[in-house]
Amino acid sequence: MTANLSVEDLLDAYRTMKTIREFEDRVHVEFAKGGIPGFVHLYAGEEASATGVGMHLKETDKLASNHRGHGHCIAKGVEVKGMMAEIYGKKTGTCHGKGGSMHIADLDTGMMGANGIVGGGPPLACGAALAAKMKGTEGIAVVFCGDGASNQGTTFEAMNLATVWKLPVVFVFENNGYGEATPSNYAVSCKDIADRAIGFGMPGEIVDGHDFFAVHTAFAKAAERARAGEGPSLLEHKLDRFFGHFEGDNQNYRPKDEVKRLREEVCCLKRFGAEVTSNHGVDQAQLSAIDSEVATLIDEAVAFAENSPEPDLSDLTTDVYINY
Amino acid sequence: MARKITYQQAINEALDQEMARDKSVIIMGEDVAGGSGGDGEMDAWGGVLGVTKGLWGKYGDRVMDTPISEAGYVGAAVGAATAGLRPVCELMFIDFMGVCFDQIYNQAAKFRYMFGGKAETPIVIRTMYGAGFRAAAQHSQCLYNMFTAVPGLKVVIPSSPYDVKGLLIQAMRDNDPVIFCEHKVLYTLEGDVPEESYTIPFGEANIVREGNDVTIVTVGRMVHQAMEAATTLAKEGVSCEVVDLRTTSPLDEETILESVENTGRLVVVDESTPRCSIATDISAIVAQKAFGSLEAPIEMVTAPHTPVPFNGTLEDQYVPSPGKIADAVKIVMGYKA
Numbered sequence: 001m002t003a004n005l006s007v008e009d010l011l012d013a014y015r016t017m018k019t020i021r022e023f024e025d026r027v028h029v030e031f032a033k034g035g036i037p038g039f040v041h042l043y044a045g046e047e048a049s050a051t052g053v054g055m056h057l058k059e060t061d062k063l064a065s066n067h068r069g070h071g072h073c074i075a076k077g078v079e080v081k082g083m084m085a086e087i088y089g090k091k092t093g094t095c096h097g098k099g100g101s102m103h104i105a106d107l108d109t110g111m112m113g114a115n116g117i118v119g120g121g122p123p124l125a126c127g128a129a130l131a132a133k134m135k136g137t138e139g140i141a142v143v144f145c146g147d148g149a150s151n152q153g154t155t156f157e158a159m160n161l162a163t164v165w166k167l168p169v170v171f172v173f174e175n176n177g178y179g180e181a182t183p184s185n186y187a188v189s190c191k192d193i194a195d196r197a198i199g200f201g202m203p204g205e206i207v208d209g210h211d212f213f214a215v216h217t218a219f220a221k222a223a224e225r226a227r228a229g230e231g232p233s234l235l236e237h238k239l240d241r242f243f244g245h246f247e248g249d250n251q252n253y254r255p256k257d258e259v260k261r262l263r264e265e266v267c268c269l270k271r272f273g274a275e276v277t278s279n280h281g282v283d284q285a286q287l288s289a290i291d292s293e294v295a296t297l298i299d300e301a302v303a304f305a306e307n308s309p310e311p312d313l314s315d316l317t318t319d320v321y322i323n324y
Numbered sequence: 325m326a327r328k329i330t331y332q333q334a335i336n337e338a339l340d341q342e343m344a345r346d347k348s349v350i351i352m353g354e355d356v357a358g359g360s361g362g363d364g365e366m367d368a369w370g371g372v373l374g375v376t377k378g379l380w381g382k383y384g385d386r387v388m389d390t391p392i393s394e395a396g397y398v399g400a401a402v403g404a405a406t407a408g409l410r411p412v413c414e415l416m417f418i419d420f421m422g423v424c425f426d427q428i429y430n431q432a433a434k435f436r437y438m439f440g441g442k443a444e445t446p447i448v449i450r451t452m453y454g455a456g457f458r459a460a461a462q463h464s465q466c467l468y469n470m471f472t473a474v475p476g477l478k479v480v481i482p483s484s485p486y487d488v489k490g491l492l493i494q495a496m497r498d499n500d501p502v503i504f505c506e507h508k509v510l511y512t513l514e515g516d517v518p519e520e521s522y523t524i525p526f527g528e529a530n531i532v533r534e535g536n537d538v539t540i541v542t543v544g545r546m547v548h549q550a551m552e553a554a555t556t557l558a559k560e561g562v563s564c565e566v567v568d569l570r571t572t573s574p575l576d577e578e579t580i581l582e583s584v585e586n587t588g589r590l591v592v593v594d595e596s597t598p599r600c601s602i603a604t605d606i607s608a609i610v611a612q613k614a615f616g617s618l619e620a621p622i623e624m625v626t627a628p629h630t631p632v633p634f635n636g637t638l639e640d641q642y643v644p645s646p647g648k649i650a651d652a653v654k655i656v657m658g659y660k661a
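Protein chains in written order, with my numbering: chain A, 1 to 324; chain B, 325 to 661.
Worth double-checking, as some hints may not be accurate.
[To be verified] Lysine to aspartate or glutamate pairs mimicking EDC-like chemistry, simulated, CA-CA at most 16 Å apart:
#, chain 1, residue 1, chain 2, residue 2
1, A, K166, A, D208
2, B, K377, B, E365
3, A, K256, B, E365
4, A, K91, A, D249
5, A, K81, A, D106
6, A, K256, B, D363
7, B, K377, B, D340
8, B, K377, A, D249
9, A, K33, A, E306
Because the hints were derived from the structure by calculation, they are not lab data.
Could you put together the complete structure from these sequences and hints?
What follows is the structure, given as structure tokens:
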């Protein structure tokens, strides 16, 4: 059991998890209605992972993400309205509509960006950790990878480098069982990604990614090790995604009713709610209040995104070194 | 017998016919079948847009799902090509060349030359390029110019269902590495395609419209933008000749030069960004070799020198449009020395 979490902390954790879930469920709906363009990869089902990690991160810590980045953004404190507007491609978006779902970044909050390249994040997180180490800020970096990225050469190189340079970085592998449409038990050469840690000279641990408390406890150790200058760690969060690889994916590579069953059996929000109301002195009324608060926030975010202006045509050639 | 099928179906048919003909042809890539090792359906995707769908059912283990490990499997395909197989390797988006480029430009491209002509590397890398899907900066780029710059690679950019089938079969029979660039908005394009197997040779441009006033040289999706501009301009009395390069390496200089010698004016249309592009390359060749024929400075219509924006309005502005092409034609037509 994780130590030292006050009722207020637990309510914060719930608020973050609930915000991610509502955000993703709503993006799913709005995408189907045609309001959202492009490629969108939803994080619903994995909320405990981003939240249990994010609660340990200071604003000066850095987080590198992946395709499925909305949850990481929210857990790192990126403002939800700006995120929604970005996903709609609006000028008021976090990246002024130029990045979209796959490239949401907010360097002010230490969010180094979702990433469209599988395995793009790990070397970047090493760099952020190197900067923290050289500047003596005591900051750390965390990178979230999927089981897919666990097989990329860039990821292996980054893990090796992190140990060689004793970098304050944590590699979190969110193993949701599928890299795109290919099951991880086919594409990953070992049973547990955590076992790869030993080859790179760092501790590795398997974590129940549906359990906020397990995630929180495991990351506490990894973060402490990083902040103490003892080097990197690897955590494998075993969890599930409740939507397809991208919106529009018919998910026929999954057994029928898998998602329905998962939503019933392994929902991290339900599990968290039951735990905190039974054993941590949280009232259901407090959780319900957060539910309404979050519902309003997401409604407002969608309205904000829908009513925001498009970028100006002249924005096409701004924010880049030179025009031809 | 020709019948109408889509660009996507034409690719699938080319792969199917060549796999039936030649057992050394194999396919590998991320989710080219999809579902390997799982409890759901096998051949679940048949490639992210379904281009290779059905081939796993016919050819089984010759259609291989790979981990998301481009350097690993592209490199393995290159190695297999040197050892008797003819892999057709799918790089899902051309943007992902960044994570496997060494295996392509330092390894595959150089073997035949470095090894004194003793190696053949018959690999085809099929890859999806181009803007128009709101797929943002890392899934929308037009990078064929980078491959074209590498000696040892052949670069094919088909514009129609007919061309994509014939050029892909040619690519699979070629003994050099071929980068085969498919524009993502063309997959649903329908056209006449013969049922039987056929090849289209590399390095032979296709004059898709004959004309006398201006030559428009272009490739890939931009052929269609150029044709639309040419149709509009014809109503205004301007006669455009549209040259579809089909392959940028090898490049059919002869057809380009002959056309410009006839028309005296050149507009190059290229979806790449403007520097070090197919547009600059063609312009340089024409300026050097057909200078005396030119009656006006060459115009280039390209994307701006920016990453591809996510926002739809900006992305539409990014892609060279028929309107911009027509404007460029009017500039060369209106030039007074």
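Now the hints, each set against the structure:
1. Simply put, A/K166 and A/D208 have alpha-carbon atoms about 27 Å apart, too far for the 16 Å limit, and the pair is violated.
2. Taking the CA atoms of B/K377 and B/E365, the gap is about 12 Å. The hint holds against a cut of 16 Å.
3. For the hint pairing A/K256 with B/E365, the CA-to-CA distance comes to about 10 Å; that is within 16 Å, so the pair holds.
4. Only pairs whose Cα atoms come within 16 Å are accepted, and A/K91 paired with A/D249 is rejected, the gap being roughly 28 Å.
5. Note on A/K81 and A/D106: the hinted pairing holds, with a Cα-Cα distance of about 13 Å set against a maximum of 16 Å.
6. Taking the CA atoms of A/K256 and B/D363, the gap is about 9 Å. The hint holds against a cut of 16 Å.
7. At roughly 10 Å between alpha-carbon atoms, B/K377 and B/D340 fall within 16 Å of each other, so this suggested pair holds.
8. Between B/K377 and A/D249 the alpha-carbon distance is near 15 Å, which keeps this suggested pair within the 16 Å criterion.
9. At most 16 Å may separate the alpha-carbon atoms for a hinted pair to count; A/K33 and A/E306 meet this at roughly 13 Å.
Hint check: violations occur at hints 1 and 4; the rest are consistent with the structure.
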